[in-house]
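Visitor: Residues per chain, in single letters:
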Amino acid sequence: MAKKITAVLLALCLIVTVFAACGGNEGGSSSQAGGSSSEASSSGGESSGAESSEANENTGDVPTISLMVTCGTTPADTADVEAALSEITREKIGCNVELITIEIGNASQQMNLLLAGGDDTLDVFYAGIGTSFVNVASQGQAMELDSLMEPYAEEMKKALGENVYESGRINGKLYGIGRLLDQASVPCFTIRGDIAQEFGYKNGDKINLEKLTKLFQDVHDKYPDTPIIGPNNGSPNIGDSRVDSLGDGNKLGVLGNMGQDETVINYYESEYYTELVSYFKQWKEMGVYMPDLLNSTEAPVDFIPTGKCFGCFAGHFSAEMNGIWSTSNFGVDCASLQIYDDTVAVTPGAYGCINPATKNPEMAAGLLHLLSTNADVENLLINGIEGQHYQVLDDGSATYLEGQDITSVGWCLGYSWANQNSTLSIPFDYPADYFDQLLAANAAAKQSKAFGCQFDLTGVSDAVSACTNVVNQYANPLAAGSVEDFDATLKKFQEDLKAAGIDEIIAARQEQLDAFLGK
Amino acid sequence: MAKQAPANALKTAPKKQGGFAKWLPLYVLMIPGLAYLVINNYLPMFGLTFAFKKINYNVGVFNSPWCGLDNFGFLFKTKDAFIIFRNTICYNLVFILLGNVLAIVIAIMLEQIRTKALKVYQTCILIPYLLSITVVSYLAFAFLSTDNGFINNSILAPLGVEPISWYSTPKYWPFILVFINLWKGFGYSSILYFATLIGVDGSYYEAAVIDGASTWQQIKYVTLPCLKTTIITLVIMAIGRMFYSDFGLFYQVPMNNGMLFDVTNTIDTYVYRGLLQLNDVGRSSAAGFLQSLLGFTLVMITNVITRKVDPDSALF
Amino acid sequence: MITSSKAAKIIPNVVLVILTLLCVIPLLLLLMASITDEQTLTMNGYSFFPAKFSAASYQYIFKASQTVFRAYGVTFFVTIIGTACNVLMTVLLAYPLARPGLPARNVIAFLVFFTMLFNGGLVPTYIMYSQVFHIRDTIFALLIPTFLMSPFNVILMRNYFKTNIPDAIIEAAKLDGASELKTLIEVVLPMSTPIIGTVGLMAGLAYWNDWTNGLYYIVKRTDLYSIQNVLTNMLNNIQFLKSSAQQLQGVNLEMGAIPSVGVRMAIAVVAVIPVMVVYPFIQKSFVKGIVIGGVKG
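Protein chains in written order, with the numbering used here: chain A, 1205 to 1723; chain B, 77 to 392; chain C, 32 to 328.
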């Protein structure tokens, strides 16, 4: 017995010592790696070209470019889609494609690690999903693309729109290719269809805050036991399309007047916000909020169909489409009412980037080009393989094959944040002209003056941390009607923001905006 | 302290004239464990330098420029600084004190059970430790929810008390958080103490009984002295974590509710909220470094005091 | 063992029964919530006597039963191997540290303790394991980082050796000519079953409950996911999709069909039950260690 244990011990010692020996080299080799990757990216095209041909020889095969895709749960048929995709890319750019599926719930954590220090697991990735594009670029995690994209630039500008393509510039250099998707979000109130109809509204109707309050009052008088405003995404989620929030969900410094002003203002002291707060107060006094709204673990899909609560706030490029989406997903007829007349088109939220550690920057650039312009590629990524994962109906929209649904289909990512150009794909379970409507909505929205301006707040990040905490403390309780004294809370909110340094943030944004506008 | 330790070693070395060869087998035994510590813990400590750097992956983490103490500023930027430090320290003090007292009491009780029920108790009290904090936050909500929570519906309503809006009333939360922390952790720590108690030599008790000691006297003069080292060790180790807080307990259980920030905001939740968007390795390293450094200082002080009072129980 | 009167024995039993109930009742509530119909749960909240039952939560979890069972397999494998290595390494490090007179033992104890306070952080650890040791997407990724040995357990075990193993016993064994290893295995370990059981339990639970290693180090080989990975991913994704639904308009999920609160509860049940089944067997070690040799402290 003792002998056996001794033997096991010795073996273990040996293994660990070997590990330790490897560990000894660690400092040297990884700092070398850091050095070489910086070399590769700073010396640009030529040397990386040499590297890629070297990689070719090494594998004796077609090189592989890895591409990040986001999904709800890891799909079963990744290999099939990879193969189909690689068939196209081998012909067009001479490489295979490997898909790295990132489950959306883990995106932030995984992206943070995968992009850390010289890791080339992801050649092409989307910044803005669980990461911030500006930070990725300023921390040196995205390659400078100007020279790489040059051969494709014209065509891509045509496909994505010049404003979208150019929005990936930081300090004049292109670090990512903006994603083409809805640029303007319409705040709307989604309410059960039969209730809306009863009070004279239908899906897609316009309403304003005053009329909405009247509607709440009427519904509440008739059904006093059912609350009307439920949570969405963990908060009341009341959007405000009268301002451009400059890519910051916390609205630390915004452009008023549909983004047509050129002066950055403090949203929480603006009349936009004070007006909203006065409505929150009215709604609270009317008693139309769901109790414990902020702590509810339920989503609209839980409480609207069950009749626990009639509705919630939401945002979509079109209120009508939001109603259609809600109806099909909640399993009960829903109507979405558009709150403000106009919308503001703002800077895209995600960017296709190339990892500086990649061995084949040219091919990665080629892939970005394909993703922007090639409908087959986008369609494969979004809907999968025709006949295996979807079928096209007579009207031109796509849907599941007979007998399949979300639980059995092997690939159904849907169009999402992390696609370069979703508008090229076939609308899945949406009207066939869905993407035409999306593009029309983009065109109809007022383009913010700050469209394409990437704000870098690292200089004032102490203030950003502090203000974020303050907004967390007050904004949701106010919007959820869970404070007692609205006026005093609002005042305290504004004071705390000042103390936390919101003016520094506004000044920094103003300076960068002025530079962007060429003042 | 670091000076003192080698001095000790020197003092003892000449006494054992057998020399190094005598101890060699013992050092060999330690190799796997120490090697693992080197790999898993010491090598990544180059990350501690991140706290003083402005990280730029383009030039590599090793060559990123130094930035002095810039990364630490955000912790002290607002008047929240006082609140987050106060909350972190006060909760930890209460957790350490009540947690250990409760665990010791329960361990002593467990030790007196001689029936089969012991197994049942032992298994059941560990259940809360096994539940993830997310699930615990759901359970808490099941009890505290305003409209259909147990406390409001099944306890307060029959008594004719008005329902309480728990999630918007900060004054209850210090008690709720302490209760949940104790509930979740007591099984685990009482088993730690229980394991030590079981190893106590039975003859001590026999001798005490012969001397006519009561139950209480046996506990006082036999049990507690035997637990002393374990108690001191666990407390010192907990003191090292004094500036850390269980993120899930302070973020998920109160559901990140802004109304409760005065009593729920700790260093970790503040850092999380503040850096969520910035994704800043330098700043989060700085926060961790400061938390560790302060904890380390406290541990050193405690250890020196322990060494003075009772050298055997000192950690090192 | 403390000797006490009959009356004094009742108190511990009463207290422990109350505490046990305090721990079991919430689990029972979880169990009931996991088999409650989702709509009933939304409308009426949690109840011990739900109005309507449904197995939908478990159907959802086990719809990919192959994945779930394979993940159970991975977890069992990792937990068993990992715990064995953990206990072994802990004993080997703790025992010399408990021996009086070992030169530099305080320095080493300090170095062990130091790792509990300071750590380099996730990013450097990840860079090291993935780019130097290349353990990503292998089973070692689940075994090695963080959990192979805990400094906390080393110190606990050293304490136990220090207080519960009299020096005289070790000296006696050495006089008999036993080597260090033989003394450890044949004299010290048999007296240390309670602490070995405890450390094994702690290590085993850490491995069982871990999902972080899988999240950080498993990128492509999702077949290596542990059960906790599968469950937490399910949880994260449901939560994410349900809550940010409006921002991901295109994700065509028939979300009405996915029970969210119930699934959470079912997941907790599925993760806890195996531990409840295995734990009583570990308890066997929680008996007094056997003293070998005639020497008593």
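Honestly, I wouldn't trust all of these hints.
[Stated by the list, open to error] Stretches of chain C that chain A covers, calculated by requiring three or more beta carbons in the stretch to come under 8 Å of a beta carbon on chain A:
no., stretch
1, 68-75
2, 156-163
[What the hints assert, rightly or not] Subject to a maximum C-alpha distance of 16 Å in a straight line, what follows is the list of computed EDC-like cross-link-like pairs (lysine to aspartate or glutamate):
no., chain 1, residue 1, chain 2, residue 2
3, A, K1512, B, D223
4, C, K251, A, E1708
5, B, K155, A, E1699
6, A, K1702, A, E1473
7, B, K153, A, E1708
8, C, K193, B, D338
9, C, K40, B, E187
10, C, K193, B, D287
11, B, K98, C, E202
12, B, K130, A, E1590
13, A, K1696, B, D386
Note that these hints are calculated values from the structure, not bench results. Here the structure is a predicted model, which means the values were calculated and not measured. All C-beta atoms, glycine included, are put in the ideal place defined by N, C-alpha and C.
Visitor: If a hint holds in the structure, say so; if it doesn't, say that too.
Guide: Hint-by-hint comparison with the structure:
1. 68-75: Held - the stretch 68-75 of chain C has 4 residues with a Cβ nearer than 8 Å to chain A, which meets the minimum of three.
2. 156-163: holds (count 6)
3. A:K1512 to B:D223: 12 Å, holds
4. C:K251 to A:E1708: 43 Å, violated
5. B:K155 to A:E1699: 12 Å, holds
6. A:K1702 to A:E1473: Holds - the C-alpha atoms of E1473 (chain A) and K1702 (chain A) are around 10 Å apart, at most 16 Å.
7. B:K153 to A:E1708: 12 Å, holds
8. C:K193 to B:D338: 44 Å, violated
9. C:K40 to B:E187: 11 Å, holds
10. C:K193 to B:D287: 27 Å, violated
11. B:K98 to C:E202: With Cα atoms ~13 Å apart, K98 (chain B) and E202 (chain C) stay inside 16 Å; holds.
12. B:K130 to A:E1590: 48 Å, violated
13. A:K1696 to B:D386: 52 Å, violated
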